[in-house]
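Peer 1: Since chain G is already given, all that's left is putting chain P on it; use the hints.
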Amino acid sequence: MKARVYISLKNGVLDPQGKAISHSLQGLGFKNVLDARQGKTIDLDLKDMDRAAAEAEVEKMCQQLLANTVIENYTIEMLD
Amino acid sequence: MKAAVIVFPASNCDRDLKVALAQAMGRDPDMVWHGDSELPETDLIAIPGGFSYGDYLRAGAMAANSPIMREVVKKAQAGTPVLAICNGFQIATETGMLPGALLRNAGQKFVCRDVDLLITARNERFVGGFEQGEVVRFPVAHHDGNYYADEETLHELEGEGQVAFKYASAEGELTDAANPNGSLNNIAGIYNKAGNVLGLMPHPERLISEELGGTDGKRFFDHLVNSIV
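So the protein sequences, as listed, match chains G and P. This note's numbering puts the first residue of the first sequence at 1, with every later residue one more than the last. This note's numbering puts the first residue of the second sequence at 1001, with every later residue one more than the last.
For reference, chain G alone in the conformation it holds in the complex (with noise of 0.2 Å):
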């Protein structure tokens, strides 16, 4: 079973890197770039169990060491 977590920063939590990503898209000519926003993506390969039960888990994972909840917000998609 394959679960995938989205980490991004919260709205109002400065992102430095996706500043400099916008800038450089602008400078490359891209003009319709208002703003980026850096985040990452962790793909986990569990052991086959029920759904909902390695949703929990996943849940639990962010909770204590993926996400840092008092700048990121994540979502969890279960792949199959």
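Bear in mind the hints are in silico, worked out from the structure with no lab data behind them. Take these hints with a grain of salt, some might be off.
One-sided and incomplete, this derived list gives chain G residues near chain P with beta-carbon spacing under 7 Å [claimed, not checked]:
{"#": "1", "residue": "Pro16"}
{"#": "2", "residue": "Asn68"}
{"#": "3", "residue": "Val70"}
So these bits of chain G aren't anywhere near chain P, every CB distance computed over 12 Å [unchecked claim]:
{"#": "4", "residue": "Lys2"}
{"#": "5", "residue": "Asp48"}
{"#": "6", "residue": "Leu79"}
For each residue, glycine too, the CB sits at the ideal point set by N, CA and C.
Peer 2: Then chain P, alone, in the frame of chain G:
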């Protein structure tokens, strides 16, 4: 007095901290490996700077979940003084011992230089050797030192006298130019609610003799040790 310095893989200020504490205490602190699950009896826990676990995932995230940190958090809750410097500060926020988080520097660059700091709150144990409103000089050396907390937390920190140090000009003015990393409200260091945990990005252990360029750090450690003894 006994002190313990926690050592993680890729800590790099642990020995500087050992020298600073030994100079002030007249004896070496215990060096405690991150994989240990018990702390020796100690009057002060010091969490050093560095790049524990290579800053993987987030600075301090892995170290915060290491076995020894469970003990450190327990001791801190029971009132043992904890000094968390640089990566130590990042680790302390990741454990929840201190509020907020340290983000990537606003200027994107690693900053390594001496900074002037305004002593903004009274805390007899940690900064009783300085006057409130005094400006001291410690070095900073970090890439993720941009202090962030939500508005409510910031308000509480300021209102409850939990902001320990602020980046300032040599005259003590809180200017943007004096802020090396974009920290909200120029915050360089904070206390927990109980006042027994201090986290700060600057390194007092790096200025402990004239040969190293200054002695404000020596004053800091001498007072800290005297107040605990």
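Peer 1: Find the hints from earlier in the document that the structure breaks and name them by number, from lowest to highest.
Peer 2: No hint contradicted; all consistent.
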